[in-house]
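Fit chain B to the given chain A structure using the hints.
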Amino acid sequence: MTSLLTGFFAQQNFIPHGFCLAWDPALLGLHVISDSVIAIAYYSIPFALLYFISRRRDLAFRGIFALTGAFILACGTTHLMGLLTLWYPVYWLDGMIKLFTALISIFTAAAIWWAMPKALALPSTAQLEEANGQLEHEIGERERAQAALRNANAELEQRVAARTAELEAEVAQRRRTEETLRASEQRWRSMFEASAVGIALTDENRRFVAANEAFQKMIGYTAEELSHLGPVEITYEDDREATREMLDDMLSGRRADYHVEKRYRRKDGTVIWVRVSTARAPEPGSSLHGIPTITEDITERKRAEDELLEARDALLRVTRLSTMGELSASIAHEVNQPLSAIVANGIACQRLLAAATPDLEEAKEAVGDIISDGRRASAVLARVRQLAKKSVAERVSVDINSAISEVLSLTRQELQRSGITTRTELDPNLPSVMADRVQVQQVVLNLVMNGIEAMRPVIDRSRVLRVKSAAAPPADVAVTVEDTGSGFGDNDPDHIFETFFTTKEDGMGMGLSISRSIVQAHGGRLWASAGAPVGAIFGFTLPARAGA
Amino acid sequence: MTNDKFIVIIVDDDESVRRAARRLIKSYGFPVETFASADDFLASGRLSETACLVLDVQMPGLNGLELQSRLVAEGHQVPIIFITAFSDENARAQALKAGALCYLVKPFEEADLLNSINLALQR
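Chains as they are written, first to last, in our numbering: chain A, 1 to 548; chain B, 1 to 123.
Next comes chain A alone, as it looks inside the complex (with noise of 0.2 Å):
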């Protein structure tokens, strides 16, 4: 071994290449400096490669750069060994080193070409920078993206802040809608509650739904009872037909309210009189179903108009038994005239029957006289029991004409003895009245006695009462007494209507006021107003009956 390493560096008997060159010194200056340059520049670059490889990490093939840059070294040191052997003629070492270049390069040079695929494979600068490029369009298309969807971002973060604010303004508000309601239910419940008149609901099946503490009271049962029951159950027997009409009217929309007066039969048993107002919820939709009811115990109001009633009517009687107490001489006449006729008539009959030839003509008409006299005393007194009997007031069919022609037989005398003139205008084709026909006729009465009271200072001119009837256009029929009496002087016509006022010195003064209630009460009125040239005229209306 030693031998062969000895054997490399012995330059034994070969002559150094300087020999061959002549030692022409410019021929080995030539070799010397160009080999010189070659050897320094080859052994450059492995060491520029080595620093480029180890600033480029990322370097592609760095075994192929290593193998170019050990290549490269070696064929340097050939270049080395060139000149050594100038003067040293090592020529072992020198062929020894050219075979390890050989084989390194000839190593190299397979890997280059083993790796010329993948190297060509590498993208190069162009496509690199065209790949750049279109990765700087993607990034700003990328960039451009994002800052839209940013905006968008913003925008919606935006949005949903504003419908944030707006539900809770809405939920607020609808916070204070709900407060509002129920403080209004509240409101209405203790109303409701509190009333002092009775409030009740009525379902479509005709039940109580509700019912407030007063109706309760007032009808004397409980909510619990009441809910059993209906507005039909609880009225007094004889009205329960209307109310059944007006429910089904109510129910079936004909009607939108009814206000009416009506009875109702307590759970006592006793019988209340209510005053009965209701009204159809307002609306389909709305939350109240049914019939709503305000009802008012109005007893006590009947009670005393009742008693009003009776009080009145007892006020006529009296007045109008006093009038008649005036007229008791004229009505005795009425009677004393069909009697004497009677009496004179039986008599003449007896003679003419008691004669030698009895003229039975004559006694057959007497008799017939007779009989006729008879009925019409009795007529007579039928009219003054009529008017002097103590009647419940009511309303028939009255001919007022016939009503007016009683009166003036019952005043015929009354009048002849005060020196009056009776002229009677009464229109045949006059509809018929709804009245209480005594009423009527005591109005009548009054007006007459009141123009031959009025006409009684007269000496100067003849004594006329003027009583007509006529219709009234467009649903009335109009009485009017006219006489030619001493008028009202200076009074205010009107005010001979008020209680107790009276020009006569022996007067109550309540015969016009108590005519013009009665006529009032029938729907009629009664006037007073100055005759032309003297006198006074008094007229009274009657409202015409329907369809008559």
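Be aware that one or more of the hints could be misleading.
DSBU-like mimics (lysine-lysine), calculated; alpha carbons at most 35 Å apart, straight line [said to hold, decoys possible]:
(1) A:389 / B:106
(2) B:106 / A:468
(3) A:364 / B:106
(4) A:389 / A:468
Listed next, with one range per pair, are the computed distances between beta-carbon atoms [what the hints assert, rightly or not]:
(5) A:529 / B:89: 31 to 41 Å
(6) B:87 / A:302: 25 to 35 Å
(7) B:6 / A:328: 37 to 47 Å
(8) B:61 / A:529: 34 to 44 Å
(9) A:529 / B:40: 34 to 44 Å
(10) B:74 / A:475: 48 to 58 Å
(11) A:312 / B:33: 51 to 61 Å
(12) A:301 / B:87: 51 to 61 Å
(13) B:61 / A:328: 18 to 28 Å
(14) B:87 / A:529: 51 to 61 Å
(15) B:105 / A:326: 35 to 45 Å
(16) A:395 / B:99: 53 to 63 Å
(17) B:105 / A:301: 53 to 63 Å
If you are wondering where the hints come from, they were derived from the structure by calculation, not from laboratory data.
We put the beta carbon where it would ideally sit given N, CA and C, even for glycine.
For chain B alone, kept in the frame of chain A given last:
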């Protein structure tokens, strides 16, 4: 009593009274005529034949007392019998003062009327 003054005249506005009085007086055999009012009677021209006048006090138009005053004023001396349904003392006094034969209040006794008529006819 003269032949041309023998009719009994009845003036009364009530028809049935008129008819009954006429029948009654006629049954005693007196000639009778009736009128519904004083004016009708005056217009009839029967005054000169009237032996006796039976007058109702209350009548429309000229009443019985007024007719009496008028006849008296004109100088007629006809006997007058008043019949009335009213016992009015003033009227009665006035009638008798003016020369009336009698003043009968209905219903009256037929004998009173008959006596009065006889009295009148005997004048």
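Here is how each hint holds up against the structure:
1. Pair hint residue 389 of chain A plus residue 106 of chain B holds up; C-alpha atoms about 28 Å apart against a cutoff of 35 Å.
2. Straight-line distance between C-alpha atoms of residue 106 of chain B and residue 468 of chain A comes to about 33 Å, which keeps the hinted pair within the 35 Å bound.
3. For the hint linking residue 364 of chain A to residue 106 of chain B, the alpha-carbon distance of about 24 Å falls within 35 Å, and the restraint holds.
4. With a CA separation close to 27 Å, the supplied pair residue 389 of chain A and residue 468 of chain A stays within the 35 Å bound.
5. Roughly 39 Å separates the CB atoms of residue 529 of chain A and residue 89 of chain B, a value that falls within the hinted 31 to 41 Å.
6. A hinted range of 25 to 35 Å for the beta carbons of residue 87 of chain B and residue 302 of chain A is inconsistent with their spacing of about 51 Å.
7. For residue 6 of chain B and residue 328 of chain A, the hinted distance range of 37 to 47 Å is satisfied, since their beta carbons lie about 41 Å from each other.
8. With their beta carbons about 29 Å apart, residue 61 of chain B and residue 529 of chain A fall outside the hinted range of 34 to 44 Å.
9. About 37 Å separates the C-beta atoms of residue 529 of chain A and residue 40 of chain B, a value consistent with the hinted range of 34 to 44 Å.
10. A beta carbon spacing of about 57 Å between residue 74 of chain B and residue 475 of chain A agrees with the range 48 to 58 Å that was offered as a hint.
11. A hinted range of 51 to 61 Å holds for the C-beta pair residue 312 of chain A and residue 33 of chain B, which are about 54 Å apart.
12. Checking the proposed 51 to 61 Å range against residue 301 of chain A and residue 87 of chain B shows it holds: the Cβ atoms sit about 53 Å from each other.
13. The hinted range of 18 to 28 Å is satisfied by residue 61 of chain B and residue 328 of chain A, whose Cβ atoms lie roughly 25 Å apart.
14. For the hinted restraint 51 to 61 Å between residue 87 of chain B and residue 529 of chain A, the CB-CB distance of approximately 39 Å leaves it violated.
15. For residue 105 of chain B and residue 326 of chain A, the hinted distance range of 35 to 45 Å is not satisfied, since their beta carbons lie about 21 Å from each other.
16. The hinted window of 53 to 63 Å between residue 395 of chain A and residue 99 of chain B holds, with their beta carbons roughly 57 Å apart.
17. The hint said 53 to 63 Å for the Cβ distance between residue 105 of chain B and residue 301 of chain A, and at roughly 56 Å that hint holds.
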